[in-house]
Structures are given as C-alpha cells and as structure tokens.
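Protein sequence lines, in the order shown, are assigned to chains F and C.
Once you know that position 148 of the first sequence is 148 in my numbering, the rest is easy, because the numbers rise by one and skip nothing.
Just so we're on the same page, my numbering is the position in the second sequence counted from 1, plus 1000.
Note that these hints are calculated values from the structure, not bench results.
It cannot be assumed that every hint is accurate.
Stated by the list, open to error - Here are the simulated lysine to any residue pairs, SDA-like style, with alpha carbons at most 20 Å apart:
#1 K1046/C to G127/F
#2 K1339/C to L131/F
#3 K1228/C to R25/F
#4 K1319/C to E65/F
#5 K1024/C to P129/F
#6 K1055/C to W1152/C
#7 K1032/C to K1228/C
#8 K6/F to A1297/C
#9 K1319/C to D60/F
#10 K147/F to S1052/C
#11 K1046/C to E63/F
#12 K1055/C to G1317/C
#13 K1339/C to K6/F
#14 K147/F to E63/F
#15 K90/F to T18/F
#16 K1046/C to R1062/C
#17 K1339/C to T132/F
#18 K1197/C to G1119/C
#19 K1339/C to I59/F
#20 K1228/C to D48/F
#21 K147/F to G1043/C
#22 K1046/C to Y154/F
#23 K1046/C to T151/F
#24 K1046/C to I59/F
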Amino acid sequence: MSEALKGRLEAIFRDIETDGGREGRLTVRAPAASVLPVLRQLRSERYDYLQLVSCVDWIDDGELEIVHVVSRYLDGEGGLGDGPVRVVLKTRVPRTGAVLPTAIEVYPIAEPYEREVHELFGVRFEGHPRLTPLFLERDYEIPPFRKDFDTRQYVEDVFGSVPRVGEDSQDS
Amino acid sequence: MRELELYFGPQHLGMVGNFSITLKVEGDRIVKADANPGYLHRGFEKLMELRSWIKNFPMVCRMNVVEPDSMEMIYSMGVEKLAGIEVPERAEFIRSIYLELARVGSHLFGLWAYANMLGFDTVAQWAMYHRDLVLDLFEELTGGRVYHIYIWPGGVRRDFPEGFEDRIVSTLHSIGGCVPDYDNTFFNNPLFRERAKGIGTVTREDAVAMGGTGQVLRATGMEYDIRKVDPYAAYDRVPWDVHTRTDGDAYSRIWVVRDEMIESVHMIFKLLDAMPKGAVYNRIPNPFKWRVPEGDAYVRCESSRGELGLYIVSDGGDKPYRAHFRTPSYPHGLTVLEKALVGESISDVGNIMISLYVVAPEIDR
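One chain only, chain F, in its complex shape (with noise of 0.2 Å):
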C-alpha cells in the first residue's frame, strides 16, 4: 500500500531513508534539513493531518528523536491510491543545543506539540511563534521528559520535607 508514497519520496529526497508498508505504516528517517520539505511534499499529497509530534530520549546515542505522525483524515477522492497510510517521520539532532525548524505553516496544528517537546526536552523550534511554558511553572536545570532527569530526586528536593507550621513552628 505505501510501496507508491515510498518510490515518490525516494525519487524526490536523496537524503532519507525509508523502511515501511507494514500494516500500512511508512518509517521516514530524514535529516533535521529534510524535515520541513519532506511536511510539505506530504502536505502536498493530501496528507492533512499531523497526529502527533513527539519526542525520545536516546540517551545512549547522544540525541533526540522528533517524532512526526502523519496520515490522511479520509482517503477518498483525490487520493493517490496510496490507501491508508501512516507516515512516521523520524529526525535525530544531537541532546545539546537541538534545533529544528517548526512546521506550523504547513500544519498549524503542531503549534501546542512542539511548545511541549521545547517544554519536556528543550528542542528550539526556529520560528515559532510562541515558544513560553505550556505545563511547568518552575525552571528546571534539565528539562524533565530527558532521560537524565531524575523523577525521584527531584521529588524528594523539592517535596521531601513538610515545613512545619503551627504554634512550636515559631520556636524553632
């Protein structure tokens, strides 16, 4: 089924790499550059709507991994005779100071996503409009989805002590 999306994306990007028609579902690798082209020439294919864009933490490897998923509402006229299909995009960049330009001119919906994934792993969205906290209202050394953050600890600083209150608190 995505056998046609793959041969149209290879021919028109040198620089991914593809692994897919499972279950309907296309892997992407693209490089951070290819992102952006790669939205849009799905955009382009009636690809309209952007499910998803995550993030993982590969700590080990020394990168991130944005995640985005892409498919069809309804794949009725106009189609490709693709079927349905699920696109997988996947980019790493490096942990320190990752970048990646931001796709809400072609999806305006990857808006509030990508405020999260600056928010949880501190990836910079070049061009975004708004990238201000979504969730957390402390700053944080290490934004806290990364895999070095350190859940517990951090709960045992922050609200591992009950300050006393009462009357013998003034004592003390």
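Following the hints, complete the assembly by docking chain C onto the known chain F.
This is chain C only, laid out in the frame that chain F set:
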C-alpha cells in the same frame, strides 16, 4: 473601546475543570484567547518510564477521569501491537460493549456539565443519575466505579458475570426510556437552541487544519470516526451509523453527542446478540518479568471526545521507554478553543468549552 485582559479560570464560575484562559476583551467581545493548561500536569508519561508494563495500567486510566476506559484500551492496544499479542474474539466483543458503556457514561457526564452550564439543572441531575446507573454496571463487572482497570493485554480481566447481559439491557432500557423527556426538556427546548445555535462555530477547514476529531469534525458534516475508518475491537462486526450535523456550532456538536449516545446503546444490543462464546484472554508472559520486544508503534481509538492516540516506544526492556498520548482534548482545548472563542461573548466561554468536550486532565497528562 478599551481592550482589557481577563483571566478566566481556574477559579471561575463559568469554568469547568482545572484550566484557565487568558482573554483579551473589548467590552463583552473576545478579541484574543490564550489557553493556559498545566494545572493538572502530573507527568504521567515520565512516571510510566519508571514502572513495568503491567504496573502502568492503574496509571494510564487516571489521565482521564471522565472516561478512563479508552485509556486502558489504547495502552493495551499499544502493548499488544509491540508484543504481537492476539485477543480472543469474545474479548473483542466484551471490549467493544465495555467501551460503548463507557461512552454512554461519559456523554451523560458531558451532558451534565453542559446542561448545568446553561442552567438546565433538572436535566443535569437526570444525566448524573443515569450515569450512576452505568457506573453500577461497571462496579459489578470490575469492582470499581470510576477506575476499572478491566482491559489488559491479551483480552479483559474476567468474563461477564452470570446474568450481566440482562442487566446491561435493562439498565440501558431504563435510560433509553427517558430519551423523550430529555428531548422535550432539553434538546428540543428553544432556550437551548437560543443559547447554542451559531455559538462557537468551527468550520470544517479550520477543524481539519487544527487537528480536530470526534464531535468537532462530525458536527461539520465529516463522517470521521476511528471506529469506522480504522476499526478495532469488534466495531466492524456489527452494522452501525456515524451521525453528523452540518453547522459546526455548539448546537450541532451537542446534537451529535445525543445521536451518538443512542447509537451506542443500539450498538451494545447488536454486539450482545452477536457475541460468541469462548475465552476472554490469552495468556501473556509473567507480567513481573515481562520484556516487550524492541520497537515503536502508533495506535489510535475513538474515545468519547475524539481520536485518542498513543505513540509508544520499547527498547526491549521491562518498562516502556517512552509513551506519548495524543488526547482529543489537546487540540480541542488548545488550538480549536483559541480560535473558536474569538468574536464570542464572555458569557459563552464555558458554553463553547464544554461543547468542544474539553477535559483538562487529558490535556495536561
């Protein structure tokens, strides 16, 4: 007129859930809305990386208080896909029936919130009572009223108890018998029409661009339902219809919810009739020593609010390496809501938010 900034929520009479919106208003009109989530961020996805595959079940269901069952389902689907586990046919039917019951319960809860917001307190109390009847069924089946932890990899935890099918039918009949009352008091009520018609309109183009799913899309006439387009469990074993409306406003969305609830009840009856006999779970490896094969998967199902997805990664270890839930309220409560509020009145913020079916814990996770 002077532009003012107004903090709407988290402590506000018109706000349901732990969520806030920063509004820029001119008089009564909203010029700009900034959604501000995070009040319920518990970092579940990070915590899941510290617990074994099976121990995550009590955790995932807590991401959504209103409908925890689809969370169990999606996590089971993800683990099954990674580990290549098959589910027996009877378990597929039980899962579908269970998820449809959860959908009815969740919609009734949504109706409670919505009717309350518009001041239909009587209807709200009915809906809450009827949801409680559904919870009674869950209590009998699983031992828990809200969090059930019933679905797990390879099937479901136990078979239906003796006579349970009959009790499902009689409960649903007693709820269904009140549909004319609901219609007369609420759905066909001119007051509801006045308050909801033309409010919070989302066009199909906007909904598609902003990742809308569920009622938000179906209220714009798009027949998009994961149960149809990407069937799972036993949804392709019985005939059923996707209900749509065309206006894309709050009124259409709530009508879609009503029609869907009735369709769910009919679907449960059909599933009960067609349900085969047999085992309800396949044996899985010892859960305490279970290592799920390396790989990644994206799975999705239709929760009562839209598409619920899960991107799950295993490095071959005894815990998930990464799990990321794509919850339906995430686009609805952030991008769609921010767009739908512009140009509306302050008094309709809660109205629009509930009609989009935003559940805050699902956004924050």
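For each hint, the structure was consulted:
1. K1046/C to G127/F: violated, 28 Å
2. K1339/C to L131/F: holds, 18 Å
3. K1228/C to R25/F: holds, 18 Å
4. K1319/C to E65/F: holds, 19 Å
5. K1024/C to P129/F: holds, 18 Å
6. K1055/C to W1152/C: holds, 11 Å
7. K1032/C to K1228/C: violated, 36 Å
8. K6/F to A1297/C: holds, 19 Å
9. K1319/C to D60/F: With a Cα-Cα distance of about 17 Å, the restraint between K1319/C and D60/F holds, given a limit of 20 Å.
10. K147/F to S1052/C: holds, 16 Å
11. K1046/C to E63/F: holds, 18 Å
12. K1055/C to G1317/C: holds, 14 Å
13. K1339/C to K6/F: This hinted pair is violated, its Cα atoms lying about 35 Å apart.
14. K147/F to E63/F: Distance of about 11 Å is within 20 Å: holds.
15. K90/F to T18/F: holds, 10 Å
16. K1046/C to R1062/C: holds, 14 Å
17. K1339/C to T132/F: Judged against 20 Å, a Cα distance of about 19 Å means the pair holds.
18. K1197/C to G1119/C: holds, 16 Å
19. K1339/C to I59/F: Violated, at roughly 38 Å.
20. K1228/C to D48/F: Answer holds: K1228/C to D48/F is near 18 Å, not above 20 Å.
21. K147/F to G1043/C: holds, 13 Å
22. K1046/C to Y154/F: Roughly 13 Å between the alpha carbons, so the hint for K1046/C and Y154/F holds.
23. K1046/C to T151/F: holds, 8 Å
24. K1046/C to I59/F: holds, 15 Å
Against the hints set out earlier in the document, violations occur for numbers 1, 7, 13, 19.
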